[in-house]
Amino acid sequence: MDPDDLFGALYARGGAAEAVSGGAWLQAMLDVEASLARACAAEGLIPPRSAEAIGAACDAASFNLAAIAAATAESATPVIALVARLRELVGPEHAAHVHLGATSQDVIDTAAMLVSRRALEPLLADADSAARGAAALAAEHAATQMAARTILQQAQRSTFGVRAAGWHTGLREATALLRATSSARLAVQMGGPVGTRSPEIAARVAADLGLAEPVMPWGAIRNRPAELACALGILAGVLAKIARDTTLFAQNEVAELREGGGAGRGGSSAMAHKRNPVASVAVLAAAKRVPGLVSTMLAGMEQEHERAAGAWQAEWGTLSELLALTGSAAAWGADLLGGLEVDTAAMARHAEGLDGELAGAGPLIERALRA
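In my numbering, the protein residues as written are 1 to 371.
You may find that some hints are simply not true.
To be verified - List of simulated lysine to aspartate or glutamate pairs, EDC-like, C-alpha gap at most 20 Å: (1) K241 - E341; (2) K288 - E341; (3) K241 - E173; (4) K241 - E88.
Because the hints were derived from the structure by calculation, they are not lab data.
The task is simple: from the sequences and hints, build the whole structure.
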(Lines of atoms letter the chains of each structure in order from A and count residues from 1; the text may use other names and numbers.)
(Lines give C-alpha, C1' and ligand atoms only; values in the text may rest on other atoms or scores of the structure.)
Protein backbone atom coordinates (compact mmCIF):
# COMPACT_ATOMS: atom_id res chain seq x y z
CA MET A 1 0.00 0.00 0.00
CA ASP A 2 1.25 3.47 -0.93
CA PRO A 3 1.99 5.27 2.39
CA ASP A 4 0.83 8.54 0.81
CA ASP A 5 -2.57 7.12 -0.11
CA LEU A 6 -4.91 8.54 2.54
CA PHE A 7 -7.64 6.01 1.76
CA GLY A 8 -5.39 3.05 0.97
CA ALA A 9 -6.12 1.31 4.27
CA LEU A 10 -9.71 0.92 3.07
CA TYR A 11 -9.23 0.41 -0.65
CA ALA A 12 -5.81 -1.26 -0.81
CA ARG A 13 -5.74 -3.78 2.04
CA GLY A 14 -4.09 -7.11 1.28
CA GLY A 15 -1.48 -8.01 -1.30
CA ALA A 16 -3.38 -7.39 -4.53
CA ALA A 17 -2.86 -3.62 -4.52
CA GLU A 18 0.91 -3.91 -4.49
CA ALA A 19 0.74 -6.51 -7.26
CA VAL A 20 -0.96 -3.97 -9.56
CA SER A 21 1.27 -1.00 -8.72
CA GLY A 22 3.10 0.92 -11.42
CA GLY A 23 6.29 -0.85 -10.48
CA ALA A 24 4.58 -4.23 -10.76
CA TRP A 25 3.26 -3.40 -14.23
CA LEU A 26 6.72 -2.21 -15.29
CA GLN A 27 8.36 -5.44 -14.14
CA ALA A 28 5.65 -7.51 -15.83
CA MET A 29 6.26 -5.74 -19.16
CA LEU A 30 9.98 -6.38 -18.76
CA ASP A 31 9.30 -10.03 -17.95
CA VAL A 32 7.41 -10.23 -21.24
CA GLU A 33 10.31 -8.64 -23.16
CA ALA A 34 12.77 -11.08 -21.58
CA SER A 35 10.55 -14.05 -22.38
CA LEU A 36 10.07 -12.82 -25.95
CA ALA A 37 13.84 -12.63 -26.39
CA ARG A 38 14.28 -16.18 -25.09
CA ALA A 39 11.55 -17.42 -27.43
CA CYS A 40 13.13 -15.70 -30.42
CA ALA A 41 16.51 -17.20 -29.57
CA ALA A 42 14.96 -20.67 -29.28
CA GLU A 43 13.42 -20.20 -32.75
CA GLY A 44 16.77 -19.10 -34.18
CA LEU A 45 15.63 -15.52 -34.80
CA ILE A 46 18.20 -13.82 -32.57
CA PRO A 47 21.53 -14.94 -31.10
CA PRO A 48 21.31 -16.68 -27.71
CA ARG A 49 23.73 -14.23 -26.15
CA SER A 50 21.46 -11.35 -27.20
CA ALA A 51 18.59 -13.06 -25.38
CA GLU A 52 20.81 -13.38 -22.32
CA ALA A 53 21.77 -9.71 -22.46
CA ILE A 54 18.15 -8.62 -22.87
CA GLY A 55 17.01 -10.84 -20.01
CA ALA A 56 19.71 -9.48 -17.72
CA ALA A 57 18.65 -5.90 -18.50
CA CYS A 58 14.96 -6.52 -17.80
CA ASP A 59 15.09 -5.37 -14.19
CA ALA A 60 12.69 -2.61 -13.19
CA ALA A 61 15.35 -1.12 -10.91
CA SER A 62 17.20 0.02 -14.03
CA PHE A 63 14.22 1.97 -15.34
CA ASN A 64 12.79 5.34 -14.34
CA LEU A 65 9.12 4.65 -13.77
CA ALA A 66 8.20 8.34 -13.60
CA ALA A 67 9.94 9.04 -16.91
CA ILE A 68 8.17 6.15 -18.63
CA ALA A 69 4.86 7.31 -17.19
CA ALA A 70 5.44 10.82 -18.52
CA ALA A 71 6.40 9.48 -21.94
CA THR A 72 3.16 7.48 -22.08
CA ALA A 73 1.32 10.74 -22.68
CA GLU A 74 3.23 11.22 -25.93
CA SER A 75 2.31 7.87 -27.46
CA ALA A 76 -0.67 6.47 -25.49
CA THR A 77 1.48 3.48 -24.51
CA PRO A 78 4.33 2.98 -22.03
CA VAL A 79 6.02 0.40 -24.25
CA ILE A 80 7.78 2.80 -26.61
CA ALA A 81 9.75 4.47 -23.82
CA LEU A 82 10.37 1.12 -22.15
CA VAL A 83 11.78 -0.43 -25.31
CA ALA A 84 13.95 2.62 -25.99
CA ARG A 85 15.47 2.37 -22.51
CA LEU A 86 15.95 -1.39 -22.86
CA ARG A 87 17.80 -0.92 -26.14
CA GLU A 88 19.97 1.68 -24.49
CA LEU A 89 20.81 -0.73 -21.66
CA VAL A 90 21.78 -3.66 -23.90
CA GLY A 91 23.89 -1.51 -26.23
CA PRO A 92 24.32 -1.46 -30.02
CA GLU A 93 25.28 -5.13 -30.29
CA HIS A 94 21.91 -6.35 -29.05
CA ALA A 95 19.56 -3.39 -29.51
CA ALA A 96 18.11 -4.60 -32.82
CA HIS A 97 17.03 -7.85 -31.17
CA VAL A 98 14.91 -6.17 -28.49
CA HIS A 99 11.11 -6.41 -28.97
CA LEU A 100 11.61 -8.37 -32.20
CA GLY A 101 8.41 -8.71 -34.21
CA ALA A 102 6.25 -7.57 -31.29
CA THR A 103 3.91 -4.64 -30.85
CA SER A 104 2.85 -2.61 -27.83
CA GLN A 105 -0.33 -4.63 -27.49
CA ASP A 106 1.63 -7.88 -27.25
CA VAL A 107 3.61 -6.53 -24.32
CA ILE A 108 0.79 -4.77 -22.47
CA ASP A 109 -1.81 -7.51 -22.88
CA THR A 110 0.60 -10.23 -21.83
CA ALA A 111 1.80 -8.06 -18.93
CA ALA A 112 -1.83 -7.53 -17.92
CA MET A 113 -2.30 -11.28 -17.73
CA LEU A 114 0.87 -11.63 -15.65
CA VAL A 115 -0.13 -8.80 -13.32
CA SER A 116 -3.57 -10.34 -12.92
CA ARG A 117 -2.22 -13.78 -12.11
CA ARG A 118 0.19 -12.35 -9.56
CA ALA A 119 -2.50 -10.21 -7.95
CA LEU A 120 -4.90 -13.14 -7.79
CA GLU A 121 -2.54 -15.12 -5.56
CA PRO A 122 -2.92 -12.93 -2.44
CA LEU A 123 -6.50 -12.05 -3.39
CA LEU A 124 -7.57 -15.69 -3.50
CA ALA A 125 -5.63 -16.47 -0.33
CA ASP A 126 -7.64 -13.79 1.49
CA ALA A 127 -10.89 -15.02 -0.05
CA ASP A 128 -10.05 -18.55 1.10
CA SER A 129 -9.41 -17.23 4.59
CA ALA A 130 -12.81 -15.53 4.55
CA ALA A 131 -14.43 -18.80 3.43
CA ARG A 132 -12.72 -20.67 6.27
CA GLY A 133 -14.06 -18.10 8.71
CA ALA A 134 -17.58 -18.60 7.36
CA ALA A 135 -17.18 -22.39 7.57
CA ALA A 136 -16.05 -22.19 11.19
CA LEU A 137 -19.08 -20.07 12.06
CA ALA A 138 -21.38 -22.51 10.25
CA ALA A 139 -19.98 -25.50 12.14
CA GLU A 140 -20.02 -23.78 15.52
CA HIS A 141 -23.54 -22.40 15.16
CA ALA A 142 -25.26 -25.21 13.28
CA ALA A 143 -27.95 -25.36 16.00
CA THR A 144 -27.97 -21.67 17.02
CA GLN A 145 -31.55 -20.64 16.33
CA MET A 146 -32.24 -17.24 14.82
CA ALA A 147 -34.96 -15.44 12.96
CA ALA A 148 -34.53 -15.58 9.20
CA ARG A 149 -35.58 -12.38 7.44
CA THR A 150 -37.25 -11.92 4.08
CA ILE A 151 -37.85 -8.42 2.68
CA LEU A 152 -36.18 -7.20 5.92
CA GLN A 153 -38.98 -8.69 8.04
CA GLN A 154 -38.85 -11.67 10.39
CA ALA A 155 -39.95 -14.74 8.47
CA GLN A 156 -39.34 -18.16 10.07
CA ARG A 157 -36.86 -19.78 12.39
CA SER A 158 -33.53 -20.81 10.93
CA THR A 159 -30.05 -21.22 12.38
CA PHE A 160 -27.08 -18.94 12.13
CA GLY A 161 -25.16 -21.97 10.87
CA VAL A 162 -27.37 -22.04 7.78
CA ARG A 163 -26.69 -18.35 7.13
CA ALA A 164 -22.93 -18.78 7.55
CA ALA A 165 -22.95 -21.91 5.37
CA GLY A 166 -24.61 -19.86 2.64
CA TRP A 167 -21.86 -17.27 2.94
CA HIS A 168 -19.27 -20.04 2.71
CA THR A 169 -20.87 -21.55 -0.39
CA GLY A 170 -21.03 -18.17 -2.13
CA LEU A 171 -17.36 -17.54 -1.43
CA ARG A 172 -16.31 -21.01 -2.57
CA GLU A 173 -18.25 -20.73 -5.82
CA ALA A 174 -16.83 -17.27 -6.54
CA THR A 175 -13.24 -18.31 -5.82
CA ALA A 176 -13.64 -21.43 -7.96
CA LEU A 177 -14.70 -19.26 -10.88
CA LEU A 178 -11.72 -16.95 -10.37
CA ARG A 179 -9.32 -19.89 -10.14
CA ALA A 180 -10.69 -21.37 -13.34
CA THR A 181 -10.31 -17.99 -15.04
CA SER A 182 -6.74 -17.67 -13.77
CA SER A 183 -5.67 -21.11 -14.94
CA ALA A 184 -7.42 -21.25 -18.32
CA ARG A 185 -8.20 -17.72 -19.51
CA LEU A 186 -5.11 -15.65 -18.69
CA ALA A 187 -3.32 -16.06 -21.99
CA VAL A 188 -0.35 -14.56 -23.78
CA GLN A 189 -0.76 -12.09 -26.61
CA MET A 190 1.93 -12.47 -29.26
CA GLY A 191 0.27 -11.68 -32.56
CA GLY A 192 2.62 -9.00 -33.81
CA PRO A 193 1.41 -5.68 -35.25
CA VAL A 194 -1.85 -6.97 -36.78
CA GLY A 195 -2.28 -10.46 -35.30
CA THR A 196 -0.68 -12.50 -38.09
CA ARG A 197 2.48 -13.70 -36.37
CA SER A 198 3.02 -17.46 -36.46
CA PRO A 199 2.09 -19.21 -33.21
CA GLU A 200 5.49 -20.67 -32.31
CA ILE A 201 6.63 -17.58 -30.41
CA ALA A 202 3.36 -17.36 -28.48
CA ALA A 203 3.64 -21.01 -27.50
CA ARG A 204 7.16 -20.53 -26.15
CA VAL A 205 6.28 -17.34 -24.25
CA ALA A 206 3.19 -19.02 -22.76
CA ALA A 207 5.23 -21.96 -21.51
CA ASP A 208 7.96 -19.67 -20.18
CA LEU A 209 5.62 -17.34 -18.29
CA GLY A 210 3.14 -19.98 -17.16
CA LEU A 211 0.21 -18.43 -19.02
CA ALA A 212 -2.33 -20.08 -21.29
CA GLU A 213 -1.64 -20.40 -25.00
CA PRO A 214 -4.55 -19.02 -27.04
CA VAL A 215 -5.83 -20.63 -30.22
CA MET A 216 -4.91 -17.41 -31.99
CA PRO A 217 -4.04 -13.84 -30.99
CA TRP A 218 -7.03 -12.33 -29.21
CA GLY A 219 -6.26 -8.71 -30.11
CA ALA A 220 -9.54 -6.82 -30.34
CA ILE A 221 -11.62 -9.77 -29.09
CA ARG A 222 -11.66 -8.90 -25.40
CA ASN A 223 -13.39 -11.95 -23.93
CA ARG A 224 -10.50 -12.77 -21.62
CA PRO A 225 -10.18 -9.49 -19.70
CA ALA A 226 -13.97 -9.19 -19.64
CA GLU A 227 -14.35 -12.66 -18.13
CA LEU A 228 -11.77 -11.81 -15.48
CA ALA A 229 -13.59 -8.59 -14.66
CA CYS A 230 -16.91 -10.41 -14.29
CA ALA A 231 -15.38 -13.07 -12.04
CA LEU A 232 -13.90 -10.35 -9.83
CA GLY A 233 -17.26 -8.63 -9.74
CA ILE A 234 -18.99 -11.80 -8.56
CA LEU A 235 -16.55 -12.30 -5.69
CA ALA A 236 -16.88 -8.65 -4.68
CA GLY A 237 -20.65 -9.06 -4.76
CA VAL A 238 -20.59 -12.09 -2.44
CA LEU A 239 -18.33 -10.25 -0.01
CA ALA A 240 -20.64 -7.23 -0.12
CA LYS A 241 -23.66 -9.43 0.68
CA ILE A 242 -21.89 -10.81 3.75
CA ALA A 243 -20.85 -7.34 4.88
CA ARG A 244 -24.37 -5.98 4.39
CA ASP A 245 -25.84 -8.82 6.46
CA THR A 246 -23.36 -8.05 9.21
CA THR A 247 -24.19 -4.34 9.32
CA LEU A 248 -27.88 -5.22 9.69
CA PHE A 249 -27.25 -7.76 12.45
CA ALA A 250 -24.93 -5.29 14.21
CA GLN A 251 -27.61 -2.60 14.60
CA ASN A 252 -28.24 -1.83 18.27
CA GLU A 253 -31.90 -2.76 17.91
CA VAL A 254 -30.89 -6.22 16.64
CA ALA A 255 -27.42 -6.76 18.17
CA GLU A 256 -27.09 -10.37 17.08
CA LEU A 257 -23.60 -9.94 15.66
CA ARG A 258 -20.66 -7.71 16.48
CA GLU A 259 -17.32 -7.34 14.79
CA GLY A 260 -14.17 -8.16 16.69
CA GLY A 261 -11.03 -6.08 16.51
CA GLY A 262 -10.45 -4.97 20.05
CA ALA A 263 -11.03 -1.82 22.05
CA GLY A 264 -10.97 1.43 20.12
CA ARG A 265 -11.94 -0.03 16.79
CA GLY A 266 -15.07 1.38 15.22
CA GLY A 267 -15.15 4.52 17.32
CA SER A 268 -17.00 7.71 16.41
CA SER A 269 -15.53 11.23 16.35
CA ALA A 270 -18.71 12.63 17.93
CA MET A 271 -20.44 9.76 19.78
CA ALA A 272 -18.32 7.87 22.25
CA HIS A 273 -20.88 5.12 22.77
CA LYS A 274 -20.74 3.89 19.17
CA ARG A 275 -18.91 0.83 17.89
CA ASN A 276 -19.16 0.91 14.12
CA PRO A 277 -18.71 -2.27 12.01
CA VAL A 278 -15.46 -1.14 10.40
CA ALA A 279 -14.60 -4.27 8.41
CA SER A 280 -18.11 -4.47 6.96
CA VAL A 281 -17.98 -0.80 6.02
CA ALA A 282 -14.59 -1.29 4.34
CA VAL A 283 -15.81 -4.30 2.36
CA LEU A 284 -18.82 -2.35 1.17
CA ALA A 285 -16.77 0.75 0.35
CA ALA A 286 -14.49 -1.28 -1.92
CA ALA A 287 -17.23 -3.45 -3.40
CA LYS A 288 -19.50 -0.51 -4.26
CA ARG A 289 -16.89 0.71 -6.74
CA VAL A 290 -16.52 -2.63 -8.51
CA PRO A 291 -19.69 -2.86 -10.67
CA GLY A 292 -18.88 0.38 -12.50
CA LEU A 293 -15.40 -0.90 -13.28
CA VAL A 294 -16.81 -4.22 -14.54
CA SER A 295 -19.16 -2.21 -16.73
CA THR A 296 -16.21 -0.28 -18.15
CA MET A 297 -14.45 -3.53 -19.04
CA LEU A 298 -17.58 -4.83 -20.76
CA ALA A 299 -18.09 -1.54 -22.61
CA GLY A 300 -14.52 -1.83 -23.85
CA MET A 301 -15.31 -5.02 -25.75
CA GLU A 302 -16.53 -2.94 -28.69
CA GLN A 303 -13.23 -2.29 -30.48
CA GLU A 304 -12.32 -1.14 -33.96
CA HIS A 305 -10.65 -3.55 -36.39
CA GLU A 306 -7.33 -4.97 -35.12
CA ARG A 307 -6.68 -2.46 -32.30
CA ALA A 308 -8.96 -0.05 -30.52
CA ALA A 309 -8.59 3.70 -30.24
CA GLY A 310 -9.36 4.30 -26.57
CA ALA A 311 -11.29 1.23 -25.45
CA TRP A 312 -8.15 -0.90 -25.11
CA GLN A 313 -6.30 1.85 -23.28
CA ALA A 314 -9.25 2.26 -20.89
CA GLU A 315 -8.75 -1.30 -19.64
CA TRP A 316 -5.33 -0.88 -18.03
CA GLY A 317 -6.13 1.28 -15.03
CA THR A 318 -9.61 -0.21 -14.76
CA LEU A 319 -8.26 -3.73 -14.40
CA SER A 320 -5.74 -2.58 -11.80
CA GLU A 321 -8.48 -0.94 -9.75
CA LEU A 322 -10.70 -4.01 -10.04
CA LEU A 323 -7.97 -6.29 -8.73
CA ALA A 324 -6.98 -3.91 -5.93
CA LEU A 325 -10.54 -3.24 -4.76
CA THR A 326 -11.66 -6.86 -4.89
CA GLY A 327 -8.45 -7.84 -3.13
CA SER A 328 -9.11 -5.26 -0.44
CA ALA A 329 -12.69 -6.49 0.00
CA ALA A 330 -11.38 -10.05 0.34
CA ALA A 331 -8.78 -9.05 2.93
CA TRP A 332 -11.36 -7.11 4.93
CA GLY A 333 -13.79 -10.02 4.54
CA ALA A 334 -11.25 -12.38 6.07
CA ASP A 335 -10.83 -9.95 8.96
CA LEU A 336 -14.60 -9.69 9.39
CA LEU A 337 -15.40 -13.40 9.34
CA GLY A 338 -12.37 -14.38 11.39
CA GLY A 339 -13.41 -12.26 14.37
CA LEU A 340 -17.20 -12.12 14.25
CA GLU A 341 -18.86 -12.23 17.67
CA VAL A 342 -22.25 -13.97 17.90
CA ASP A 343 -24.85 -13.13 20.55
CA THR A 344 -26.71 -16.43 20.68
CA ALA A 345 -29.11 -15.19 23.36
CA ALA A 346 -30.24 -12.27 21.19
CA MET A 347 -30.71 -14.61 18.24
CA ALA A 348 -32.81 -17.01 20.31
CA ARG A 349 -34.90 -14.19 21.72
CA HIS A 350 -35.75 -12.81 18.27
CA ALA A 351 -36.69 -16.29 17.04
CA GLU A 352 -39.20 -16.89 19.82
CA GLY A 353 -42.70 -17.62 18.56
CA LEU A 354 -41.69 -18.07 14.92
CA ASP A 355 -42.61 -21.15 12.95
CA GLY A 356 -40.08 -23.04 10.87
CA GLU A 357 -38.85 -26.54 10.15
CA LEU A 358 -35.24 -26.93 11.28
CA ALA A 359 -34.70 -30.64 10.63
CA GLY A 360 -32.88 -29.90 7.41
CA ALA A 361 -30.48 -27.34 8.85
CA GLY A 362 -27.82 -29.82 9.96
CA PRO A 363 -27.71 -31.82 6.72
CA LEU A 364 -27.66 -28.59 4.68
CA ILE A 365 -24.70 -27.26 6.61
CA GLU A 366 -22.81 -30.55 6.45
CA ARG A 367 -23.35 -30.72 2.71
CA ALA A 368 -22.19 -27.14 2.21
CA LEU A 369 -19.02 -27.65 4.22
CA ARG A 370 -18.15 -30.86 2.38
CA ALA A 371 -18.45 -29.27 -1.05
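Tested hints:
About 18 Å separates the Cα atoms of K241 and E341, which keeps this hinted pair within 20 Å; it holds. Simply put, K288 and E341 have alpha-carbon atoms about 25 Å apart, too far for the 20 Å limit, and the pair is violated. Pair hint K241 plus E173 holds up; C-alpha atoms about 14 Å apart against a cutoff of 20 Å. Between K241 and E88 the alpha-carbon distance is near 52 Å, which puts this suggested pair outside the 20 Å criterion.
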